[in-house]
Each structure stands twice: as C-alpha cells, then as structure tokens.
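*Asks:* Here the protein sequences line up with chains A and B, keeping their order.
The opening position of the first sequence corresponds to residue 0 in numbering that gives the first Met the number 0, with each subsequent residue numbered one higher.
The opening position of the second sequence corresponds to residue 0 in numbering that gives the first Met the number 0, with each subsequent residue numbered one higher.
To be clear, the hints were calculated from the coordinates, so they are not data collected in a lab.
Treat the numbers as computed from the prediction; the structure is a model and nothing was measured.
Just to be clear, a hint being listed does not mean it is correct.
Same chains, same names: a pair is fine if it fits in one copy or spans any two.
To be verified - List time: in silico EDC-like cross-link candidates among lysine to aspartate or glutamate, alpha-carbon distance up to 16 Å:
(1) Lys-72 x Asp-54
(2) Lys-11 x Asp-50
(3) Lys-231 x Asp-153
(4) Lys-136 x Glu-194
(5) Lys-227 x Asp-148
(6) Lys-86 x Glu-34
(7) Lys-11 x Glu-59
(8) Lys-11 x Glu-56
(9) Lys-136 x Glu-59
(10) Lys-136 x Glu-178
(11) Lys-28 x Glu-204
2 protein chains.
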Amino acid sequence: MNVLIVHAHPEKRSFTTAMKNTAQQTFKKLGYEVEVSDLYEMKFNPVASADDFGDFEQTEYLNYALEQRNALKSNTLSPDIAIEIEKVKRADLVIFNFPLYWTSVPAILKGWIDRVFVSGLFYGGKRFYNHGGMVGKKAMLCFSLGGRDHMFGDNSIHGPIEQYLSSIQRGSLAYVGFEVLPSFIAYHVPYITNEDRQNILVNLEQHLQNLDHLNPLEFSHLENFDEKMNPKN
Amino acid sequence: MNVLIVHAHPEKRSFTTAMKNTAQQTFKKLGYEVEVSDLYEMKFNPVASADDFGDFEQTEYLNYALEQRNALKSNTLSPDIAIEIEKVKRADLVIFNFPLYWTSVPAILKGWIDRVFVSGLFYGGKRFYNHGGMVGKKAMLCFSLGGRDHMFGDNSIHGPIEQYLSSIQRGSLAYVGFEVLPSFIAYHVPYITNEDRQNILVNLEQHLQNLDHLNPLEFSHLENFDEKMNPKN
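Just chain A, same shape as in the assembly (with noise of 0.2 Å):
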C-alpha cells in the first residue's frame, strides 16, 4: 500500500503538522510507503498559467485544459507539476491534511489540485466520476478548524459541513474517479486543550487503522445517466 500525504500548513509546529506527522506514523507501523507533499515547505506555485507547459508559445491564446493535454503528450508539463502526478499515480491512497481556511482548502492546496489534475490523465471526455482516471485509488481529507462541531449540521448556524466540502470531495476527487472515504474533521482546535489535541491524534490514529473498514460517500454513477448526461429514469 502506498501513501500520498498531501499537507498544507504554513507553520511547522502547528497541530495540523503534528496530524500529518500522526498519519505519517501511522502508515508507516501498518508497513505502508508514505510519500509527503508538504506545500509550504516546497514553495509550491499555486498559480494555474501558460508558464506550466514547456512548449507553450507567450502569444498563442492559453486554453488550459487543452495545453494540459498537449504538454502531457509530449511529456513538457513544468516539472513541479510531472513531479506531483508521479506521486500520485504511485499512491494507493492519498491525505489531503490542512487546516479548513474559509470553509474549503488553503490556497496553495486549491492550486495543487488545478495544476496536478490534469487533463487527459485524470479525467477526460466521459471518463469522470466512476470512469475517472483515478478509479482504485482512494483520497480523505483530513483537516482541523475553529468551529464547534454543533455549530455544523441541519439547522445549525452554519449547516451540514458536507456542503462546504462538495467542492473538493465531489468535484474534484469523486470527479476524476477517487473512491472518497468520510473525513477525519479535528474541531475547535485553536480553544481546546493539550490533552484534548492530543486525545485527538490518537482518534486519527485509529481512524487511519480503520480504512478498510470505512464506507466510501457515494456519487453519480455514470450508468445511470444517458449520452447527454441526463438521468435515465
């Protein structure tokens, strides 16, 4: 089993680093291989633009998907970019760790996904959802936030958490084909104590020992819609 831990935090003492450094562990006692992407820590560009395809020309018209596909081809996508697919196509599984900035992923971690996910690979004509060019491979997010866990959910202040992460889980990992198992969501971490952070790691522990055992969220299947994409009954 292979691991990708994709981690995004700018501060290396915090207690988000300290659930990647968890994970890590983890892994690693099961016997699995544990590749770590730690973003800040590699100054990954964010930034989706013409400078990510080797071959591209300054003034032709930057349609990106489409130079995704092209520089894929002919193998001249910018090397920070080659370098994450390479990972990813190792993985069995990949963690998505982070701290929730403003109700989704930090930045850095967004542009992981908008340079990484390239067309042609991981999705493509009708190979999505289902049929994405991840299928057999696993994601989970793993994330901490300042908010109570009552403070989610129907009739709550903020509503279900699940709807600030369809983004990410259904848009994008479930999309291109990534079967998505339920989060391991660390709440009120800024106002809780040492002990409780630390009771915290160890029900990520546990979480992470558990896998196999966790219910992936469901998704469109593609069976169930016609050529046009409409539902087929």
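Use these hints to put chain B onto chain A, whose structure you have.
*Replies:* Frame of chain A, contents of chain B only:
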C-alpha cells in the same frame, strides 16, 4: 455606487475576461465608480504565510488569524493585502469574476480571500453573518464553466451548483456580512458559438443593470441562535 471587480483569468483574450470588461463598461454607463483587481495581471500572491506580517518574528509560532488582528492594529500588514482591503472598504459591491476551476474559484482568487479577509475587520468574535464586518455591502459571483446547465440541479449528474458555491457564498461572503446576490453563470462556454457568447454578454449586462431587483440569498441570522450558537428553537 462604488464597485470592485476581482478578476482571475490567465488569458486576457478569454471569454471570462470579456465578461469582466462587459461588467466594467456596464457599471461605468450606470455612472458607478469601478475598480478592478486583475489578480493575474497583478501577479497576486495567493499563499497565506508569516511574510504577510511586517512585524512578525520568523521564530515565533504563527497563528495566522491572530497575526492578522495584530498587523491590522499596527498597520503592518503586507502592502499588497492592505491595498486590497482599502479597495473592499471603498466598494459598495464586490464582483468576483472567474472561470470555475474544480467547481470553485481558481487558487489565485482563493488566496485573495485567505489573505484579504482579515480577522478583526471582516469578522471576529460574534461579528459574522448579519453582524459581519462587511454588512451593508453586496457581493456577487460571475463565472464561466464548461458544463451544461442540465448537468446541475437536483437529480442531475453533478447535483445543485449551489452546493459547490457554498464555501464561497456562505462560508466566506455571507460569513463576513456581505449580502450575496444571485450569481451570473455562463455555462458550456468553450463549446458554444460566438453568437451564443455574445448573447451571454448581453444577458450579463441586463443582469448587472437589474441588481437592485434581485433578491439576495438567505443565510443564518445570529438572532436565531443562542450564546453558544445553538438554535433558539
């Protein structure tokens, strides 16, 4: 009426950029003052980090929201952030104009939110939603995407588009107090005729001329929740 258009597209000749230009011209015809933050042209840095705070000692533990509040008080926010904050302060209406990337905003725009929506001004303590720092201002998304409109909505292949927008519309804009107007959405843009694209620009102009008659989206009101943010009934 002062309008700020925050625009994020890597290609100046793109249809999304034409939407920005149409918005700019429409507002000018209406006699509004218009400022544009063209994030790609500005090479805006989307990565939240310790570098955002002039007085911050690199050996200190980074609590990003806390340092936002400190730097706001002491006027030591990074100049690129301070400039954007002043633009938002001047604006009665903020338009976010972008191509939908992975059912959300491009990373460069996510990072604009991560860095500009500073704690202590945009929100803080019990100042959020209808008590947020931006109460009295309006915001609206204006975006293009590749999918067709029938691919979104209940029982469709991708589900309601609102779910994907909630981290921006609810978790970011409404949270800091903006009145969020219904989005202008340009579907299927890469695949339609130039005539259809021109029609979209005409529709956009009408949408923008009609903003006063649009009903804002509904989100939580703090008055319906108790001190611990549990629902009162």
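*Asks:* Each hint: holds or not?
*Replies:* A quick look at each hint next to the structure:
no.	hint	result
1	Lys-72 x Asp-54	within (11 Å within a copy, 47 Å between copies)
2	Lys-11 x Asp-50	between (29 Å within a copy, 15 Å between copies)
3	Lys-231 x Asp-153	between (30 Å within a copy, 14 Å between copies)
4	Lys-136 x Glu-194	neither (34 Å within a copy, 42 Å between copies)
5	Lys-227 x Asp-148	between (40 Å within a copy, 12 Å between copies)
6	Lys-86 x Glu-34	within (8 Å within a copy, 42 Å between copies)
7	Lys-11 x Glu-59	between (41 Å within a copy, 11 Å between copies)
8	Lys-11 x Glu-56	between (39 Å within a copy, 15 Å between copies)
9	Lys-136 x Glu-59	neither (36 Å within a copy, 39 Å between copies)
10	Lys-136 x Glu-178	within (6 Å within a copy, 40 Å between copies)
11	Lys-28 x Glu-204	within (10 Å within a copy, 60 Å between copies)
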